[in-house]
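Residue-level listing of the chains:
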Amino acid sequence: MDFFARQDQARKKTKLLVFYFVVAVILIIALNYAVGLVILTGAQSSQRQRDRYEPAPPLALWDPQIFLGASVITLAIVFIGSAFKISQLNGGGSVVAESMGGRPVSSNTTNQDERKLLNVVEEMSIASGVPMPKVYVLDNEEGINAFAAGHTTGDAAVGVTRSCITKLSRDELQGVIGHEFSHILNGDMRLNIQLMGVLFGILCLATVGRILLYMRSGSSRDKNPLPLIGIALLIIGSVGVFFGRLIQAAISRQREFLADASSVQFTRNPAGLSGALQKIGGYGSKMDSPNAPDAGHMFFGNAISNSFLDAWPRIRRSKTASVPLTQLGTGSSNA
Amino acid sequence: MIALLIFLAVIVVLILIVGGFVAGIYNKLVTMRNRYKNAYAQIDVQLKRRYDLIPNLVETAKGYMAHERGTLEAVTAARNIAYAASKAAAANPGDSSAVKGLATAEAGLGGALSRLMMVSEQYPDLKANQNMMQLTEELTSTENKISFARQAYNDSVMTYNTDREVFPSNLIAGMFNFGAAELFVVDKPEEKVAPKVSFS
Numbered sequence: 003m004d005f006f007a008r009q010d011q012a013r014k015k016t017k018l019l020v021f022y023f024v025v026a027v028i029l030i031i032a033l034n035y036a037v038g039l040v041i042l043t044g045a046q047s048s049q050r051q052r053d054r055y056e057p058a059p060p061l062a063l064w065d066p067q068i069f070l071g072a073s074v075i076t077l078a079i080v081f082i083g084s085a086f087k088i089s090q091l092n093g094g095g096s097v098v099a100e101s102m103g104g105r106p107v108s109s110n111t112t113n114q115d116e117r118k119l120l121n122v123v124e125e126m127s128i129a130s131g132v133p134m135p136k137v138y139v140l141d142n143e144e145g146i147n148a149f150a151a152g153h154t155t156g157d158a159a160v161g162v163t164r165s166c167i168t169k170l171s172r173d174e175l176q177g178v179i180g181h182e183f184s185h186i187l188n189g190d191m192r193l194n195i196q197l198m199g200v201l202f203g204i205l206c207l208a209t210v211g212r213i214l215l216y217m218r219s220g221s222s223r224d225k226n227p228l229p230l231i232g233i234a235l236l237i238i239g240s241v242g243v244f245f246g247r248l249i250q251a252a253i254s255r256q257r258e259f260l261a262d263a264s265s266v267q268f269t270r271n272p273a274g275l276s277g278a279l280q281k282i283g284g285y286g287s288k289m290d291s292p293n294a295p296d297a298g299h300m301f302f303g304n305a306i307s308n309s310f311l312d313a314w315p316r317i318r319r320s321k322t323a324s325v326p327l328t329q330l331g332t333g334s335s336n337a
Numbered sequence: 033m034i035a036l037l038i039f040l041a042v043i044v045v046l047i048l049i050v051g052g053f054v055a056g057i058y059n060k061l062v063t064m065r066n067r068y069k070n071a072y073a074q075i076d077v078q079l080k081r082r083y084d085l086i087p088n089l090v091e092t093a094k095g096y097m098a099h100e101r102g103t104l105e106a107v108t109a110a111r112n113i114a115y116a117a118s119k120a121a122a123a124n125p126g127d128s129s130a131v132k133g134l135a136t137a138e139a140g141l142g143g144a145l146s147r148l149m150m151v152s153e154q155y156p157d158l159k160a161n162q163n164m165m166q167l168t169e170e171l172t173s174t175e176n177k178i179s180f181a182r183q184a185y186n187d188s189v190m191t192y193n194t195d196r197e198v199f200p201s202n203l204i205a206g207m208f209n210f211g212a213a214e215l216f217v218v219d220k221p222e223e224k225v226a227p228k229v230s231f232s
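Each protein sequence line maps, in turn, to chains Z and W.
To convert, count from 1 in the first sequence and add 2; that's our numbering.
To convert, count from 1 in the second sequence and add 32; that's our numbering.
None of these hints come from the bench; they were simulated from the model.
Please note that a few of the clues may not be correct.
Claimed, not checked - Only pairs whose alpha carbons sit at most 27 Å apart, straight line, appear in this in silico BS3-like list of lysine-lysine:
no., chain 1, residue 1, chain 2, residue 2
1, Z, K281, Z, K169
2, Z, K17, Z, K87
3, W, K159, W, K80
4, Z, K169, Z, K87
5, Z, K118, W, K94
6, W, K60, Z, K15
7, Z, K17, W, K119
8, Z, K288, Z, K118
9, W, K132, W, K69
10, W, K159, W, K94
11, W, K80, W, K69
12, W, K60, Z, K14
13, W, K80, W, K60
14, Z, K118, W, K159
15, Z, K288, Z, K87
16, W, K80, Z, K118
17, Z, K281, Z, K118
18, W, K159, Z, K169
19, Z, K87, Z, K118
20, W, K80, W, K132
21, W, K119, W, K69
What the hints assert, rightly or not - Label pairs and their calculated CB-CB ranges:
no., chain 1, residue 1, chain 2, residue 2, range
22, Z, D4, W, L203, 24 to 30 Å
23, Z, N110, W, L46, 46 to 52 Å
24, Z, F81, W, G211, 28 to 34 Å
25, W, M190, Z, A32, 42 to 48 Å
26, W, N124, Z, Y22, 54 to 60 Å
Note that the structure is predicted; figures quoted are calculated from it, not measured.
All C-beta atoms in this analysis are idealised placements derived from N, C-alpha and C, irrespective of residue type, glycine included.
Using the sequences and the hints given, assemble the complete structure.
This is how it looks when you write it as structure tokens:
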């Protein structure tokens with residue numbers, strides 16, 4: 003499979019996963035509706051029973067009022083939560099880069115390493131057709147890592163750690179930068195921020211649930227539906243967040259494959275990217291900055307040690323770069 | 033009467049839908065065509081950069097390579113020929129002999145440069161010179177940029193040609209005269225020898 007085909011495959015899988023995400027949100031609304039239906043009709047009918055001693059009416063499956071109420075409230079909570087989180091994360095490339103301790107590289111630098119870095123970035127800019135982003139260096143980080151941030155190609159920033167410049171060859175550095183350019187070109191940051199926003203909104207549902215749990219109405223004789231709704235929201239919200247995170251990690255994985263395949267398209271040199279991945283395997287890519295976990299998904303290598311939601315299955319990525327592992331001289335024969 | 037109106041309304045809606053579809057494809061073809069034309073212009077930008085760098089390179093090397101005057105002069109001469117050829121090709125873009133002349137001159141320049149770089153390997157003082165190191169990095173980068181610009185051009189030509197040839201876009205491309213774009217192909221054997229610029 004050549005890199006164009008791999009790009010197509012990654013794009014198709016992303017669309018499928020985003021569809022699953024949307025389905026998950028719809029399911030949450032449906033579940034909330036069901037919960038609302040059961041609990042509220044139950045409360046109403048028990049109230050009626052107590053007042054008039056009537057037998058309980060059969061449960062009507064479709065109650066437009068409750069449906070409207072459930073969907074509006076769910077969507078409102080999720081939407082407000084997402085909007086809040088998205089506006090928080092919306093800083094623009096330079097803001098993110100500086101929050102991680104990045105130092106901007108000036109375009110008329112005389113430092114040879116920085117000059118080389120700027121040239122490599124400019125070359126990738128030409129190959130990918132993306133305007134030149136702002137370039138940052140993370141001086142205080144030990145590992146080999148790089149990131150791209152920014153919403154549009156206009157406010158993009160690319161950052162590398164010091165070790166990238168000192169430990170990677172020019173070709174390997176170019177492979178890494180090409181990978182980051184793919185993230186800028188394919189709008190991966192924007193997608194990620196939107197996903198994080200909606201996940202936060204779903205998390206808000208669980209929080210609202212927890213708040214409702216502690217609401218007791220005055221008289222203990224009335225069957226108070228609020229804590230029950232609270233428990234249901236808490237469970238639905240937490241399960242929703244769990245599956246949402248799984249889907250988000252899967253989407254990140256596909257975007258990483260897409261970025262690797264795009265890097266090979268830009269450089270036409272798979273060995274560069276493979277070499278960089280090899281070296282990261284040796285030197286490590288952990289980031290010390292306290293803001294790194296927030297931006298964990300934007301990094302080239304594993305910035306935080308969270309292997310279950312590993313978005314960078316490294317050996318598989320070496321395969322994507324189409325260089326046989328034996329050629330790279332790794333010990334492992336199994337991918 | 034009402035049946036006729038409904039019939040007419042349906043026809044109008046159909047026309048609008050098909051029209052919108054055609055407009056969408058037309059716009060996409062226009063966008064892709066402009067992209068590949070822009071990519072072509074970018075190649076020239078990088079070629080000009082190379083012309084500007086070379087005199088600097090020769091000046092720096094002159095001080096250290098007193099005995100290699102021949103090589104240095106060859107580079108300067110090749111650079112001037114290529115620069116003139118590029119001016120001629122820019123003045124007459126439709127003239128295929130001007131474009132061919134540019135390709136030959138570029139090949140000659142590439143060869144002269146690579147000879148200069150090979151010779152400079154034998155002068156460790158020159159290699160260690162700060163200026164020289166900067167210049168060779170800039171030269172490497174420029175050669176890379178020329179290649180990447182050509183590559184980006186070819187990629188955009190491929191995208192445009194594909195968009196132009198798939199069904200149903202091919203019908204609209206035919207209607208509005210969207211011609212095929214040509215890939216940048218190296219058809220001179222001398223050009224295929226890449227200038228070996230190795231700095232260990």
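Please flag the earlier hints that this structure goes against, numbers listed from lowest up. 4, 7, 13, 19, 23, 24
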